[in-house]
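Enquirer: Between the sequences and the hints, there should be enough to build the whole structure, so can you do that?
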Amino acid sequence: DAGITQSPRHKVTETGTPVTLRCHQTENHRYMYWYRQDPGHGLRLIHYSYGVKDTDKGEVSDGYSVSRSKTEDFLLTLESATSSQTSVYFCATDDSSYNEQFFGPGTRLTVL
Amino acid sequence: DAKTTQPTSMDCAEGRAANLPCNHSTISGNEYVYWYRQIHSQGPQYIIHGLKNNETNEMASLIITEDRKSSTLILPHATLRDTAVYYCIVRHTNKLIFGTGTLLAVQP
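Protein chains in written order, with the working numbering: chain C, 10 to 121; chain G, 48 to 155.
Treat the hints with caution; some may be incorrect.
List time: in silico DSBU-like cross-link candidates among lysine-lysine, alpha-carbon distance up to 30 angstroms [what the hints assert, rightly or not]:
hint, chain 1, residue 1, chain 2, residue 2
1, C, Lys20, G, Lys142
2, G, Lys116, G, Lys99
3, G, Lys99, G, Lys142
4, C, Lys79, G, Lys142
5, G, Lys50, G, Lys99
6, G, Lys142, G, Lys116
7, C, Lys20, C, Lys66
8, C, Lys66, G, Lys50
9, C, Lys62, C, Lys79
10, C, Lys66, G, Lys142
11, C, Lys20, C, Lys79
12, G, Lys50, G, Lys116
13, C, Lys62, G, Lys142
14, C, Lys20, C, Lys62
15, G, Lys50, G, Lys142
Listed next, the stretches of chain G that the computed footprint assigns to chain C, with coverage defined by at least 3 CB atoms under 8 angstroms from CB atoms of chain C [unchecked claim]:
hint, segment
16, 87-99
17, 139-148
FYI, nobody ran anything at the bench for these hints, they're computed from the structure.
By construction, the Cβ of each residue, glycine as well, lies at the ideal position given by its N, Cα and C atoms.
Expert: What follows is the structure, encoded as structure tokens:
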């Protein structure tokens, strides 16, 4: 398995507070992704990065921002968390459009 | 990206082959078929992918029809640990578009 870690693994926060989730990889992969997963849904892409400081939106990007200042770290920020952002968040990486994506263990976020 | 259609759930007896179908009738010529699985609460795990030829690895086989409008993932000897949600994905960019997948329940 690719060396992908996510922190924190679990977080409970209150509506209106800022939250930052971190994804760290040791594989030197170019591409990094943030997904969310809700009951009854497959994973949905929030944002992705195709290089340092290069990011783009996915299908459910509203309310989220990302940053990538170095290859190994990809941060997902909820500027003002809402209850609808309660979800499990997965980070993924790959080095090509045609190779496998490796997924992290996930972060369970609860917004009260 | 082309959409895929999979059955919501399937059962399979332990030790038997599990055949998971996927329809992707709008697939384009440069789009690959990928299969991932997700075991309860874990991150998705890559299984296999292919373009037009059948593929086999240590986990599974992928059979793609000649017109590429459908495919079948085959787990040759299913075990209880293969119980998971299996996602069929058509991909031509770096982004994966997940559907709701097939819940495969392997029965003892």
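Enquirer: Does each hint fit the structure? Answer for all of them.
Expert: Checked hints:
In summary, the hint linking Lys20 of chain C to Lys142 of chain G is supported, as the alpha carbons are separated by about 27 angstroms, within the 30 angstroms threshold. Between Lys116 of chain G and Lys99 of chain G, the direct Cα distance comes to roughly 10 angstroms. Compliance with the 30 angstroms bound is thereby established for this hinted pair. With a C-alpha separation of about 20 angstroms, the suggested pairing of Lys99 of chain G with Lys142 of chain G holds against the 30 angstroms cut-off. Restraint check for Lys79 of chain C and Lys142 of chain G: satisfied, since their Cα atoms lie roughly 21 angstroms apart, inside the 30 angstroms limit.
With a CA separation close to 17 angstroms, the supplied pair Lys50 of chain G and Lys99 of chain G stays within the 30 angstroms bound. Between the alpha carbons of Lys142 of chain G and Lys116 of chain G the distance comes to roughly 20 angstroms, so the proposed pair stays at or under 30 angstroms and holds. With a CA separation close to 24 angstroms, the supplied pair Lys20 of chain C and Lys66 of chain C stays within the 30 angstroms bound. For the hint pairing Lys66 of chain C with Lys50 of chain G, the CA-to-CA distance comes to about 20 angstroms; that is within 30 angstroms, so the pair holds.
Between Lys62 of chain C and Lys79 of chain C the alpha-carbon distance is near 8 angstroms, which keeps this suggested pair within the 30 angstroms criterion. Straight-line distance between C-alpha atoms of Lys66 of chain C and Lys142 of chain G comes to about 11 angstroms, which keeps the hinted pair within the 30 angstroms bound. Distance check on the hinted pair: Lys20 of chain C and Lys79 of chain C sit about 24 angstroms apart at the alpha-carbon level, within 30 angstroms; holds. Between Lys50 of chain G and Lys116 of chain G the CA atoms are separated by roughly 11 angstroms; this keeps the pair inside 30 angstroms, and the hint holds.
About 18 angstroms separates the Cα atoms of Lys62 of chain C and Lys142 of chain G, which keeps this hinted pair within 30 angstroms; it holds. The suggested pairing of Lys20 of chain C with Lys62 of chain C holds, with an alpha-carbon distance near 26 angstroms, which does not exceed 30 angstroms. A hinted pair counts as satisfied when its Cα atoms are at most 30 angstroms apart, and Lys50 of chain G with Lys142 of chain G qualifies at roughly 13 angstroms. Counting residues of the segment 87-99 of chain G whose beta carbon lies closer than 8 angstroms to any beta carbon of chain C gives 7, which meets the minimum of three for the stated coverage.
With 10 residues bearing a CB less than 8 angstroms from a CB of chain C, the segment 139-148 of chain G meets the requirement of three and the coverage assertion stands.
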